[in-house]
Amino acid sequence: MELGKLKDPFSGIPAGFPGIKEEFVDGFRARIIALQPNGLIATRFLLQNLTVLVIGDSVFVHRGLLAEHVGYGLDRINMEKFLSMLQKVLNKVAKNSDCSTLVHTLTTIPGAKGMTMGHTIQQSGINRACNSKAIRIDVGMSKGCTNGLPEVLEINKNSAVKILTSNPLYQNKQKSYMDANIGEMGLGCWSPIRVQNKWK
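Residues 0 to 199 in numbering that gives the first Met the number 0 are what the sequence shown lists, from first letter to last.
There may be inaccurate statements among the hints.
[What the hints assert, rightly or not] Here are the in silico distance ranges between beta carbons for each label pair:
no.: 1; residue 1: Glu-21; residue 2: Asn-77; range: 36 to 42 Å
no.: 2; residue 1: Gln-35; residue 2: Ser-99; range: 32 to 38 Å
no.: 3; residue 1: Thr-107; residue 2: Asp-7; range: 41 to 47 Å
no.: 4; residue 1: Leu-49; residue 2: Lys-112; range: 16 to 22 Å
Don't read these hints as lab results, they were simulated from the structure.
The C-beta atom is built at its ideal place from N, Cα and C for all residues, glycine as well.
Work the whole structure out from these sequences, hints included.
Pasting the structure below:
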């Protein structure tokens with residue numbers, strides 16, 4: 000029995016990307032392949048997960064959520080395939096949304112008081128905005144991103160939040176972990192909360 004010629008998994012994937020350091024290009028390309036609809040990460044891990052999860056008064060979502068997404072239906076979003084949902088629904092996330100947009104969205108989800116989201120890498124680690132109603136947790140750990148340090152967001156039964164980290168930026172115990180003065184870090188590019196000047 001003779002095996003057919005194997006398809007190059009990198010076929011159609013660019014050899015470089017604007018704004019991506021050369022040292023991260025191979026990891027970035029591998030990440031694209033793994034996240035494709037039939038890719039290893041997509042099929043093994045992501046397709047079985049919920050896209051939007053509400054636990055207590057917290058909403059967890061990959062990229063952010065707007066009221067129109069809630070109107071579309073959180074159950075409906077979760078029932079649809081992960082990758083197609085990202086294309087059809089979350090690509091509509093406004094680039095210049097603000098805290099009032101977040102508050103409006105939260106009022107459309109019964110009992111929701113805050114949203115935890117990933118997708119936009121936070122160079123200085125997990126942080127909050129909009130009077131702590133938004134928590135941004137993407138620290139870019141993979142080499143396909145920024146090879147960031149691991150961090151964990153711990154939320155206890157009373158909704159108290161703590162960050163577990165080895166990031167030296169947060170080692171100063173005198174300073175609140177989540178209130179680092181980090182300025183605006185691309186938040187408006189991908190997620191629905193845009194903060195002017197300092198994080199609140």
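Structure-based check of each hint:
The hinted window of 36 to 42 Å between Glu-21 and Asn-77 holds, with their beta carbons roughly 38 Å apart. The beta-carbon spacing between Gln-35 and Ser-99, approximately 36 Å, falls within the hinted interval of 32 to 38 Å. At roughly 46 Å, the beta carbons of Thr-107 and Asp-7 sit within the given window of 41 to 47 Å. Hint check: Leu-49 to Lys-112, Cβ distance near 19 Å, so the stated range 16 to 22 Å holds.
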